[in-house]
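**Student:** Residue numbers (the numbering used here), protein chains in the order written: chain A, 4 to 327; chain B, 4 to 131.
I should point out that these hints are in silico values taken from the structure, not numbers from a laboratory. On a predicted model such as this, the values are computed, not experimentally measured, just so you know. Beta carbons: idealized from backbone N, C-alpha and C, even for Gly. Heads up, some of the hints might be wrong.
Claimed, not checked - Restraint ranges, calculated between C-beta atoms of paired labels, are given here:
{"#": "1", "chain 1": "A", "residue 1": "Ser290", "chain 2": "B", "residue 2": "Ser98", "range": "17 to 25 Å"}
{"#": "2", "chain 1": "A", "residue 1": "Glu256", "chain 2": "B", "residue 2": "Asp40", "range": "18 to 26 Å"}
{"#": "3", "chain 1": "A", "residue 1": "Leu178", "chain 2": "B", "residue 2": "Ile127", "range": "27 to 35 Å"}
{"#": "4", "chain 1": "A", "residue 1": "Arg195", "chain 2": "B", "residue 2": "Leu58", "range": "29 to 37 Å"}
{"#": "5", "chain 1": "A", "residue 1": "Ala294", "chain 2": "B", "residue 2": "Thr74", "range": "50 to 58 Å"}
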Amino acid sequence: MPPMAAGRVTGRLCVALLMIVLTACGSSPEIGRLLAGEVENLPPAIALDGVPFYPQEAYQCGPAALATVLNFSGAAVAVDELVERVYIPARQGSLQPEMLAATRGRERIPFRIQPSLASLLHEVQAGRPVLVFQNLGLDWLPQWHYAVVVGYDLEAGSLVLRSGTIREYTTSLALFDRTWRRTGRWGFVALRPGELPADRDPLRYLEALMDMEEVAQSHQLIPAYLAAAERWPQSEIFPFALGNLYYRDGQLELAGQQFRQLVQDHPQFAAGHNNLAQVLLEQGSLSQAEAHARQAVALGGSRRAVYQNTLMEILDAADSPGQG
Amino acid sequence: MKLGKMVKQTWAATLILAIAGPGISIPARADLVPTADILASRLQESTAERVSSLLRQERVVTLLSRMGVDTTVAQERVGHLTARELQVLERQIDSLPAGEGALSTIALVLVIFILLDVAGVTDIFPAV
Numbered sequence: 004m005p006p007m008a009a010g011r012v013t014g015r016l017c018v019a020l021l022m023i024v025l026t027a028c029g030s031s032p033e034i035g036r037l038l039a040g041e042v043e044n045l046p047p048a049i050a051l052d053g054v055p056f057y058p059q060e061a062y063q064c065g066p067a068a069l070a071t072v073l074n075f076s077g078a079a080v081a082v083d084e085l086v087e088r089v090y091i092p093a094r095q096g097s098l099q100p101e102m103l104a105a106t107r108g109r110e111r112i113p114f115r116i117q118p119s120l121a122s123l124l125h126e127v128q129a130g131r132p133v134l135v136f137q138n139l140g141l142d143w144l145p146q147w148h149y150a151v152v153v154g155y156d157l158e159a160g161s162l163v164l165r166s167g168t169i170r171e172y173t174t175s176l177a178l179f180d181r182t183w184r185r186t187g188r189w190g191f192v193a194l195r196p197g198e199l200p201a202d203r204d205p206l207r208y209l210e211a212l213m214d215m216e217e218v219a220q221s222h223q224l225i226p227a228y229l230a231a232a233e234r235w236p237q238s239e240i241f242p243f244a245l246g247n248l249y250y251r252d253g254q255l256e257l258a259g260q261q262f263r264q265l266v267q268d269h270p271q272f273a274a275g276h277n278n279l280a281q282v283l284l285e286q287g288s289l290s291q292a293e294a295h296a297r298q299a300v301a302l303g304g305s306r307r308a309v310y311q312n313t314l315m316e317i318l319d320a321a322d323s324p325g326q327g
Numbered sequence: 004m005k006l007g008k009m010v011k012q013t014w015a016a017t018l019i020l021a022i023a024g025p026g027i028s029i030p031a032r033a034d035l036v037p038t039a040d041i042l043a044s045r046l047q048e049s050t051a052e053r054v055s056s057l058l059r060q061e062r063v064v065t066l067l068s069r070m071g072v073d074t075t076v077a078q079e080r081v082g083h084l085t086a087r088e089l090q091v092l093e094r095q096i097d098s099l100p101a102g103e104g105a106l107s108t109i110a111l112v113l114v115i116f117i118l119l120d121v122a123g124v125t126d127i128f129p130a131v
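Chain A extracted, bound-state conformation (with noise of 0.2 Å):
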C-alpha cells in the first residue's frame, strides 16, 4: 500500500477501534438499578456450591455447559453422550433447540428465563446455575458460546461463570451483558419435574411444561403441575392442564377429579365445565354431564361451538341409551 494510504487507513482504523471501545463503555440502566441495590430480594453476592466442571473441548462449549447444569441438578450424563445430542459437525458448534431437547431428553425441564439480569440473578439465588448463550465478539464478527453462571458479586459489580477452559471466570456485569444482550439474553435453567423456577409468572412455567409434555412422558410432568398448582393456587390453568394430561393417558378417573376440583373453585371458567363434562359422558354419569355441558354453553366465549358440541354428544348419549 503506498504510504499516504495506509495513513488514512490506519486513521480510520483507530476511529473505529474508538468508536467501538465507546459503545463498549455504556452500561444498562438495568445494572445501575442492580449494583444500587435497587432490585428487591437480590442478596448483594451468591457463590453456589458444588457445580461441577468440564473444561471444554474444541467447538465444544455446548456439550460441556449442558453437562454442567445437568449434573448440577442430579441427572447424571457425560460430557461425550451430550456431544451426540448437540454437536453439528458441520456447523462446528450446537444450535439452541437442541440443547432444550437435550434438557428434556434427560428428564430436565428446561425452563427459558426472561431476557433481564434481574431473572438471571434471581435464579442463581434459588440455588440454580444459568446456562447463557452469549456473542462474545462483535455484531459482524460474532462469536458464539455457551456458558454456566455459577455466582454474582454486586458490591464488585461481576458474575462468574464455567466458560470454555475457565473454572472460574469473572466478568464485569456490564461486559457480560454486552455479550449475553447480543443472543437476546438467552438463557436456561434445568428443572427437575416438581422443581419451581425463580420466576413467578405462571404462564411462562405453563409454556415449558406444554413444550415438555409434547415430549416426554406424562409422569414427568405430574409432579410439575401439582407443584405449581400449589404455588399458584389462584390459577385454572395448572389443574386445568392435569386433569387434560391425565385424560390424554387414560386415566377417567384422576382426570375427572381435577375437573371436579376445577369446577368449584373456578366456576366461571367454562372449559372446565366442558372438560369434566365429556369426561362424565364417558364415565356414563350422563345427567352431572348434560349439567356441566348446558354451564359452559350458557358461560360462552370464544370456544361456544366446542361447548355445543359436547351438548349435543351428551343429549344424543342419553337418547339412545344402547349406544355410547
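Using the hints, position chain B against chain A.
**Tutor:** Just chain B now, kept in the frame of chain A:
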C-alpha cells in the same frame, strides 16, 4: 331377501365405521378443550400442524445427517424437539448461531494480521 337386507345393513355399518373411524362405539374425543387452546401464543397451531410434526422430524433427520450427524443419533435427537422447534430448525439449520466456544488462537492471530495488513503495518495478504 333377508340375506340381502343383512348384507345391506352390514355394508352400511362398515361404511359408517370406515368414515367415522375407530371412535364410533365410544363418544368422540374431539370435544375436550386442549390445554394449548388457553394459551394465546399457541392458539395459532392447528391440529394439522401438530400432525405434520412427524414428517418434519424426518426432514430434520435428513438435514442433520447431511451435516455430519449419524442418522440413528439424529432420529433420537429430534424426538425431544417441540413442533415449533422442529419448524425453526428445518428453516434455519444453516443460519442459526452455533455456539462453539472462545475464539481459537489461530482465528485470533488471523484477525490481528488482517487488521495489521489493512493498517499497512504488515503485508502478509496480497489481496488486502
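**Student:** Does each hint hold? Answer for all of them.
**Tutor:** Evaluated hints:
Between serine 290 of chain A and serine 98 of chain B the beta carbons are some 58 Å apart, a value that contradicts the proposed interval 17 to 25 Å. Remark: the range hint 18 to 26 Å for glutamate 256 of chain A to aspartate 40 of chain B is upheld by a beta-carbon distance near 24 Å. Checked against the hint of 27 to 35 Å, the C-beta distance between leucine 178 of chain A and isoleucine 127 of chain B comes to roughly 31 Å, which is consistent with it. At roughly 33 Å, the beta carbons of arginine 195 of chain A and leucine 58 of chain B sit within the given window of 29 to 37 Å.
Checked against the hint of 50 to 58 Å, the C-beta distance between alanine 294 of chain A and threonine 74 of chain B comes to roughly 54 Å, which is consistent with it.
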